[in-house]
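Colleague: Listed below, chain by chain, are the residues.
Protein chains: 2
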Amino acid sequence: AHDMTTLKGKPFDRASLESLMRRRMFYTPAFEIYGGVSGLYDYGPSGCALTNNIIDVWRKHFVLKENMLEVDCTMLTPYDVLKTSGHVDKFADWMCKDPKTGEIFRADHLVEEVLESRLKGDKEARGQKVDVDEEDPKKKKKKVKSITAVKLEDAVAQEYEEVLAKIDNYNGEELGLLMKKYDIRNPANNSELLPPVSFNLMFQTAIGPSGHIPGYLRPETAQGQFLNFQKLLDFNQQQMPFASASIGKSFRNEISPRSGLLRVREFLMAEIEHFVDPEGGKKHPHFDEVKDVELELLNREVQLAGKTHAETTKIGEAVKIGLVDNETLGYFLARIQLFLLKIGVDPKKIRFRQHMANEMAHYATDCWDAELLTSYGWIECVGCADRSAYDLTVHMKRTGAPLVVREPRKEPLKVEEWQCDIDKKKFGPKFKKDGKAVEAAIEALSQDMREKLSLDLASEGKITIDVPAVGDGKVEVPKELISIEKRTRVENVREYTPNVIEPSFGIGRIVYALCEHTYWTREQDEARGVLSFPPTVAPTKVLIVPLSSHADFKPFVRKLNNKLQDIGISSRVDDSGASIGKRYSRNDELGTPLGITIDFQSVKDDSFTLRDRDSTQQVRSSLDEICKAISNLVNGTEQWSDVAQRLPKFEGQEVD
Amino acid sequence: AHDMTTLKGKPFDRASLESLMRRRMFYTPAFEIYGGVSGLYDYGPSGCALTNNIIDVWRKHFVLKENMLEVDCTMLTPYDVLKTSGHVDKFADWMCKDPKTGEIFRADHLVEEVLESRLKGDKEARGQKVDVDEEDPKKKKKKVKSITAVKLEDAVAQEYEEVLAKIDNYNGEELGLLMKKYDIRNPANNSELLPPVSFNLMFQTAIGPSGHIPGYLRPETAQGQFLNFQKLLDFNQQQMPFASASIGKSFRNEISPRSGLLRVREFLMAEIEHFVDPEGGKKHPHFDEVKDVELELLNREVQLAGKTHAETTKIGEAVKIGLVDNETLGYFLARIQLFLLKIGVDPKKIRFRQHMANEMAHYATDCWDAELLTSYGWIECVGCADRSAYDLTVHMKRTGAPLVVREPRKEPLKVEEWQCDIDKKKFGPKFKKDGKAVEAAIEALSQDMREKLSLDLASEGKITIDVPAVGDGKVEVPKELISIEKRTRVENVREYTPNVIEPSFGIGRIVYALCEHTYWTREQDEARGVLSFPPTVAPTKVLIVPLSSHADFKPFVRKLNNKLQDIGISSRVDDSGASIGKRYSRNDELGTPLGITIDFQSVKDDSFTLRDRDSTQQVRSSLDEICKAISNLVNGTEQWSDVAQRLPKFEGQEVD
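Sequence lines, in order, name chains P and L. The letter at position 611 of the first sequence is residue 611 when you use the working numbering, and the numbering goes up by one with no holes. The letter at position 302 of the second sequence is residue 302 when you use the working numbering, and the numbering goes up by one with no holes.
Okay, chain P solo, but in the shape it has when bound (with noise of 0.2 Å):
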């Protein structure tokens, strides 16, 4: 069990955090007034406001600095497409079904919650201690809802350890076989379940009115970027290296969400695609800047071990033995860490765990995700795949569409080889559409294949390929139609596919993460929540907080508010009756960081004060200075310590 402690060290208790964050309107489950939807929740103004900043924050920390081309693709996407980047067969769950009931059980999750509670159980019976629930975040709606104290034997409670250090890596079959050998069953009415059967996690719909076109709401944004590369590349001029970024949403149709804001069925991602030369070691041309991050880092090996320990290592040295494979790997887990200190998250809550090679999607080749600790445990919130060129080959492939980088070599290149020639005046007559696949398909034979398929064309007058997307998949190519002959080709251009590191970021987890990280309580008042946002991402910046209802006091309101509008600073008043404590303390909830009051003194000499949300130390001074200190504290130009440095302090009416 983690023992959570807020930002001052203090235990962390949940409840009051997501009473605050639902209170304060952070966010909302969607249509709660229809009795809501699992896994939709909404933003609301506070919440909404802090992913905006925190996406400003973002794209001037990735989009700007490093010149990428940001894009904005379809959610609606047709089947072919997915079809074609794996996702249509291996983007999915598996379920399993109460016949009687009708419920539906994630089979992964259920087989983990049943054998976890019969060990807990076991425990009991043996009396030794049973931890309180860890809270996982993949165990937030228990299906097991009590346990049982019974013992099992050694070698049974062993086996259930083995199954449910391995519980990521069991496919439909051999969950089902778990499920049938441990009688894993509905654990509230103890009915069989039917076997596990696939669920595809896309949501399906039908494009244009005659329902032809079959599609799906995108499961990442990725792929609108892979199949716009050509004109990407165009438009940076033929310049690689280059990066193309992506905000939006995406979907998952998550077969029982839970965990609150961390497992939801549409949320927001931000994508980068970087497109990389795959020859020599895949330098970054900035890797000198962030070669003395020192990162956390949790590797394979470790985890192999089964252990969890971190190790502190700078990103240079990590690249250098190999670690991490590559420098452009390397450079954006540094950058990622760099974004997430920079908008707020807790140093010691950090760290990149290295996936097994059995737990990666079907399109990666290596991957580091960015955990945050929170109370559910250790959460993905970035993930930074090498997603090799996986995904522009099987578009190539699939489309004919050259995604691929051509570049002059300096020296010609002479390559012996077996060509295919086709004739492509009776070529397209004979394939029609299917042409351009057929083509790419005998494009893609090896030099192995068409040494055979040259003896096939002199024995047969024909050869047969694999063309997947055409038909039954085989198609016939009569002599007339090509030639395979060896050559000595002299290459002046080198042709490659690049390989892509692609840094994700769930924007979602991200805010949950950080809010977690942010959060503690007043010594004077447990009751009281604030939240320590940094002023670049604070949903509002200023509290305008007249001393009372005073009829003197609205133009001063109305002038602070105008002048704030003008520099850009968001910014609310509060008037209401209550008293000045009772106000910064909504506002605390809210984490606005700073609070300018407006009492008798600004009548008089136009000065006013300015509070430090953190501190709840005060200064005092001209409109003017004040909207200064503010702007430089919003941009991150200055630290409230200079401020207060800066300008006189003051003491006088204080919060009650």
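The set of hints was computed from the structure by calculation and includes no laboratory data. Quick caveat: nothing in here was measured; it's all calculated off a predicted structure. Worth double-checking, as some hints may not be accurate.
Which copy is meant is left open, because identical chains are indistinguishable; a pair holds if it fits in one copy or across any two.
What the hints assert, rightly or not - Quick list of in silico lysine-lysine cross-link-like pairs, DSS-like style, CA-CA up to 30 Å:
{"hint": "1", "residue 1": "Lys-628", "residue 2": "Lys-563"}
{"hint": "2", "residue 1": "Lys-249", "residue 2": "Lys-90"}
{"hint": "3", "residue 1": "Lys-433", "residue 2": "Lys-348"}
{"hint": "4", "residue 1": "Lys-342", "residue 2": "Lys-249"}
{"hint": "5", "residue 1": "Lys-83", "residue 2": "Lys-433"}
{"hint": "6", "residue 1": "Lys-60", "residue 2": "Lys-582"}
{"hint": "7", "residue 1": "Lys-554", "residue 2": "Lys-291"}
{"hint": "8", "residue 1": "Lys-604", "residue 2": "Lys-65"}
{"hint": "9", "residue 1": "Lys-291", "residue 2": "Lys-559"}
{"hint": "10", "residue 1": "Lys-231", "residue 2": "Lys-582"}
Keeping the supplied structure of chain P fixed, place chain L upon it in accordance with the hints.
Modeller: Frame of chain P; chain L shown alone:
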């Protein structure tokens, strides 16, 4: 036909602009390498940055300025919500199918096209001049390919004209009758079509693994805002009026999309829901600030008379004479115009058109569209509808949630009325989950109905009421559960359902219109397109051009680039071998307003030239002065004319 001209008064050529927009990746057909899907477009780096900058201005102009409560609600929306809102029944177009080919036509568009082509044929037959295609947005992909010169009888031609004038107002049955009467068939093969059927324009999907929750992709962002009304009012500390706002994608499964970016299936909207007390004439507290703004108003009466002349009117006057119904509606019309001007829309190409009674959406009681003149005609880009209490009322009726404002009365109100008393203890057990709906239906009974039902109760011992959401829509309530009596009630609290004024922005349409409005070609070179975006919204602000690829220039490029990044200004370096003129020309097409040239002088004295895109004037000064000028131009605090006056002119290395 519109004689469209460019920003500089030359004839406008849409093909050139569209070619520029695709070449420079403002947008591109989505999934193009897969053959594309009509009505789906991706925004490339230029379009995406332009859109983001427009959204940024929008947030400052509306959300920040008015302290609006921005929310971000899910796109996935369950059936019940959209059934209640009326979209399941009424958000539809009429389509008819060719039973032989399966081709599908939008019925109103087909009737329109066929009758128009016959009228043209008639004109031709009469030897009259036939207008060159007016390129109405509704007619891009013409079904009717050629015009046949056939003379019509005068009366028939007259009838056709009348039908066309009312084409937006026919329902499916009427369209079917017209098609029979005028023998309208598939223009391609002359085969008869099936009668029009209603086609709902929402994309359907299923939420969750069992497929039990039917849902749609939202057709507007508004519903999410309405459903959260109660919480937003709480967040706003019960203060009225207030507005919520939302920026996000919405979806519309068009029968046959056309007109490029103007009619698409997935689009970005920015919507405001301003909640206002319907009593007291819907005043707006800041109306005075805008009352002198002049708008081009095209009202309902003028349109009824078959005219299209818009009248220049101060909005204060328009509200005073009742042309625009109320201050809040008027306030937003003026604010919409100010926003459009701020982002660079041509003031001569804006008008506000009032909807005809039968043209309005099912929820609207009044509506004015901000229309922008484009080569497709006048295009609705912002709708500003008075939705009255429609949405809050239907959702409240359906769910029982109190979507109302309660405020203390200054004077208690005495009301003599029929009251229904419910025995809640018995009510729950009898109606179970339907209890709330039944209660809400009783609450909603009129005084007359209550009086009548009190008699039923006395005579029959029960009443029967309509509750559409329960069973067959009729519910019996026995006298054990309810009593109805006439009493005097003292009302200390006033309860009312707010009305909603909704300014709703189609961002994609605004982006496209803005490109048309800012487009022109250089005097010297007609092929050289320029997009004169204001610096605030331009995708990239500064082009950095080293005079040559000389190594001495490199550190200056880096220094400039870093400096601009630090102050949040997006720049691009072009150090390609192309001539300076070519490089500037490319950036004219991207709408980059400013250019910095690094030359040998820069290396000597650290001075740079700053070039204005529109005038091609240059000034020369120090790095700090140049950056300050750029920052002012981007923030809108200075115009180029100010900078040109302030800093020394430079006449050196001019562009070739």
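Colleague: Indicate, hint by hint, whether the structure satisfies it.
Modeller: Hints, verified against the model:
Taking identical chains as interchangeable, the C-alpha atoms of Lys-628 and Lys-563 lie at most 30 Å apart whether they share a chain (11 Å) or sit on different chains (21 Å). Proximity of Lys-249 to Lys-90 under the C-alpha cut-off of 30 Å is found in both arrangements, the shortest distances being 21 Å within a copy and 27 Å between copies. In the homo-oligomer, the alpha carbons of Lys-433 and Lys-348 never lie at most 30 Å apart, since the shortest distance is 58 Å inside one protomer and 48 Å across protomers. In this assembly of identical chains, Lys-342 and Lys-249 lie within 30 Å of each other by CA distance both inside one copy and across copies; the values are 23 Å within and 29 Å between.
Proximity of Lys-83 and Lys-433 under a CA criterion of 30 Å is satisfied intra-copy only: 19 Å inside one chain copy versus 43 Å between copies. In the homo-oligomer, the alpha carbons of Lys-60 and Lys-582 lie at most 30 Å apart only across protomers (29 Å), although the nearest pairing inside one protomer, at 36 Å, exceeds that limit. Only between protomers do Lys-554 and Lys-291 lie at most 30 Å apart by alpha-carbon distance; the minimum there is 23 Å, versus 54 Å within a single protomer. For the homomeric pair Lys-604 and Lys-65, the shortest alpha-carbon distance between copies (28 Å) is at most 30 Å, but the shortest distance inside one copy (46 Å) is not.
When the C-alpha separation of Lys-291 and Lys-559 is checked against a cutoff of 30 Å, the pair qualifies only between copies, where the shortest distance is 21 Å, while the shortest distance within a copy is 48 Å. Proximity of Lys-231 to Lys-582 under the C-alpha cut-off of 30 Å is restricted to the inter-copy arrangement: shortest distance 20 Å between copies versus 56 Å within a copy.
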